[in-house]
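**Student:** Spelled out, the chains give:
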Amino acid sequence: MLHLQNIQKSFHSNTLNELSLFNNFNLCINEGEFVVVVGSNGSGKSSLLNLIDGQLDIDDGKILFMNQDISHLPSFKRRQSISRVYQDPSLGTSPSLTIFENMSLALNKGKPYNLSRCAHVSQRDVIKQYVTLLNLGLEDKLDVSVSWLSGGQRQALSLLMAVCSQPKLLLLDEHTAALDPKSSQHMMKLTQKLVEDFKMTTVMITHQIKDALEYGDRCVMLHEGSIVLDVSDEQKHKLQPKDLLTLFHSLSL
Amino acid sequence: MNFILDVIIQGLLYSVLAMGVALTFKVLRSADLTVEGSFPLGAVVGAMALIEGFPIPLVLLLAFTAGWLAGIVTSWLQLVLKIQPLLSGILTMSGLYTINLIIAQNRSNLPLFQTTTLFTRPSWVSIDQTRFYHLGLLLVIVLILKLLIDWFLTTKKGMMLSVAGDNPLLVVGLGENLGSYQTLGLSLSNGIIALSGALVVMMTRFYDLSLGFGMLVVALASIVMGDSLLKSTTAKLTTMAIFGSILYRFSVASALALRLHPSGLRLMTVLIFVIALVFQPSHMQSFIKSMKGGWGFATSSKHSKIISFKHTK
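Quick note, the sequences are listed as chains A and B, same order. Residue 4 is where the first sequence starts when you use my numbering, and the numbers rise one by one after that. Residue 137 is where the second sequence starts when you use my numbering, and the numbers rise one by one after that.
Quick caveat, the hints were computed from the structure, so don't treat them as lab data. Glycine included, each C-beta is placed from N, C-alpha and C at the ideal position. All the given hints hold, so there is nothing to weed out.
As a list, the in silico BS3-like pairs of lysine-lysine whose alpha-carbon atoms are at most 30 Å apart:
no.	chain 1	residue 1	chain 2	residue 2
1	B	K293	A	K80
2	B	K293	A	K144
3	A	K202	A	K185
Far from chain B by the CB rule (all over 10 Å, computed), these chain A residues:
no.	residue
4	D60
5	G64
6	L137
7	V147
8	D236
9	L242
Now the stretches of chain A that chain B is said to cover, found in silico as 3 or more residues with beta-carbon under 8 Å:
no.	segment
10	75 to 88
11	94 to 102
12	105 to 113
13	116 to 127
Chain B on its own, in the form it takes in the complex (with noise of 0.2 Å):
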């Protein structure tokens, strides 16, 4: 029972982390690499508005704000500097340690156990119940984060920054500005991933510069693996990736119940992205027709996965 109440809670805390990858990746269709990097920003500015003695609203709008700054300065080097995205996301993530360890004071690690954060048990909660708690209390921070997104994808806004991820030339043909949507898109993305640091290190009590390490294999994993549970579905974007997050926890959870390594997950978890990706049904179609076909491999893994990236939303 605790190991499927602890499953639960973990996806919950990561669930906030893949909505915001998967703003960028689902959404405006590219892989934004700054997440490595806005992850921990947003747990360290968290961690320092903690010990700072702010108050939780405050913290996390500090927190969220910290990684909107971060997509700008990604969308800036894009936009401005004609930078390739890719290469973008993988600058900033990289000035961005410096700048988490000058936020940290140059130190590396930041313990919160003497520190009144949002998952503290308050005094009518019994020790016992403190799972249930803070289960509770994720559920309806993650709701609400999700009704938000959902919200917005259905504005006029949201909907031009699911044209710019479709068919950027349509945002211009509709008279916008698309440099403005990828803008919006990536700060966005990244204040809600920061958000989602900032409720980590509330919830782990310990922040550590390597704490983004890995976390967009985590947070595309699990939203793939969102994907392929729900794709016969009209589920929506935000519950994919809640669901495939916990699913993620789940997965991970009994592998190290099974005496996995811990060492061992980063190449477990690549190795879930990798089958979680090959067995989408549409992905399926176009490899076994690809299999008949002879060798035409290179073409047909590309053009699976633009049908994979298109037929969801």
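Just chain A, with the same shape it has in the complex (with noise of 0.2 Å):
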């Protein structure tokens, strides 16, 4: 469902500092998977990310999804069917507005934000039944606004935020990695839990190599813009730590 072809992409061009980072790079992601994605800070995992959801240009290649060329679609155009979770929690949310009012704004997601009346009383149950997923009694307080809720809270939020419209595809960018081990744990079981539940193609960046090998049905290392490991399913489960560390350290030395 989403091909990345020749991508080809450097940043600080014409400058002494230019850094080729994408080099004919390719990366075919099919409907239903679930992708993690590992590797060194600066291997490109998170512009990986930028360029599949249009905050960065690509330079030369293509961008296929769902059939479509989407190479040089704007941002937002390509966010109405592809969701995202940032590493910081506010990112994700509204702080000033409610629960209630976030959730219904986020279920609009793909269709016009017209004069019609946001967070109607009518949309109460079917918002409270979602929260409800989270298992985090945030229920009880749809009405409070998200800027008291702790980091956890919000990036549960987010989750459910950007998953609740059901997108095709959704990046999870380290979005586990600014909360506590507890939080971060829960949070792992309700994005496999959500995954599952609303059937997304998901692609996830992580350093922590116990979720890399837990969680999803692929794995991905990137080193220095290109791919150096691709594994999936049954392999993936023969897949330990050491062989991951092994391969991390290799690299880097």
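Given two chains presented individually in distinct reference frames, assemble the corresponding complex, making use of the accompanying hints.
**Tutor:** The following block contains the structure:
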């Protein structure tokens, strides 16, 4: 469903600091896959997501999404069917609005934002059901402003807001990295549940080797803009933490 | 009694301005300096339309449209030419100075004493009742406008406008064009500001080119005062702007009654603004914290500013 073909991307072009990150980069993601991307800092993980959702423009190559060429589509148009959760919990929600209002806006994604009433009472039951999925007791705090929520609660809400409109593709950009170990674990369980419930194609970046092995059905390791490991299904299940770590260390030397 | 009535009338008259400015300052969370040009723009368009003998609703509509266009120019400078928001506002404001002169056919003031305006006393109102007539009329206008803005902010489009100020990245995340919301916010805000200019000129029956001078600080002072006054309530943004505007006019009138020289008004407005801003509860907390933690002024004041903007709707 997502094809990145012969992608070229350099930064600081035409300066002494020119950095050519992706050279003839190819990646194909199939419908329904849960891809975990690992790699050291600067390996191009976040840039990859930025290229997919249009935060960054490609220099050359082609991005096909659902058989459509989206290479030069502006970011906001791509985001109508792509959702993304960032590392920073404050980026996924609107803090001065209530949970109810945030959810109501998120459920409208892909449809026009017109002059009809937002956060209408008739949506209350539906939204309550959605928020119950988080298992954080937030369903009783629907009218609380999001600015009062903790980082973990906000990030869980961000995830729910990203998935509730059932986008075709979900991008998770180290979405548990800013959370404490317990919240982080809860978040990963929640991610798996929601991804399965909503049957979404997912690309997740993580620095947690444990999570990379435990979740997803395909694991991709990036190093300096190229894929150094790509295993799926059974092969992935056989992967041991020490295999990944050995690979990590051999690359960074 | 007349003192109080005059204060309320003035407060209501300028509350339209405060509500317009609140849309950029509180909803979009940016200080838009176009105000100082779009306010006299609305006034001059209104004055010229009145002189031409246009019906009042058309006069108001023309003023609103002129302000709307001024907002579009500012957002165009920001979004297409990528000029900083603050600078874009200053550029439009300066440019409008000339535009306002052109519209007034190179006159820097226009007296409207012979013209019938919205506030001209009809024959069934006696001279003694003029104040009550003005008060009633303004109450109706301000209430209609307030309810319209309140309604708009609860629609999907209006709610997204709040998101654009709150978390711009989320607007893109929800698949919407952030630029179109910034344009909408700026044009709507300046349309209402221009409308306020037209109302003011109808009330004072005198247009002057320098009418907009200092209007941004007046509006901001009103908004911040309303904010401090109604902080602990669930009052809406527009309600805060209206009460803030009345409170501001009350402070000004009191100062004048206490023999403050009119030339000191501008400085007083700035002082009111600073005091109201500093005495906001959220600001006080972080201020006290910064005092305890040593001289962390630079970071603490920046931080508290963010907090004080974020916790209000």
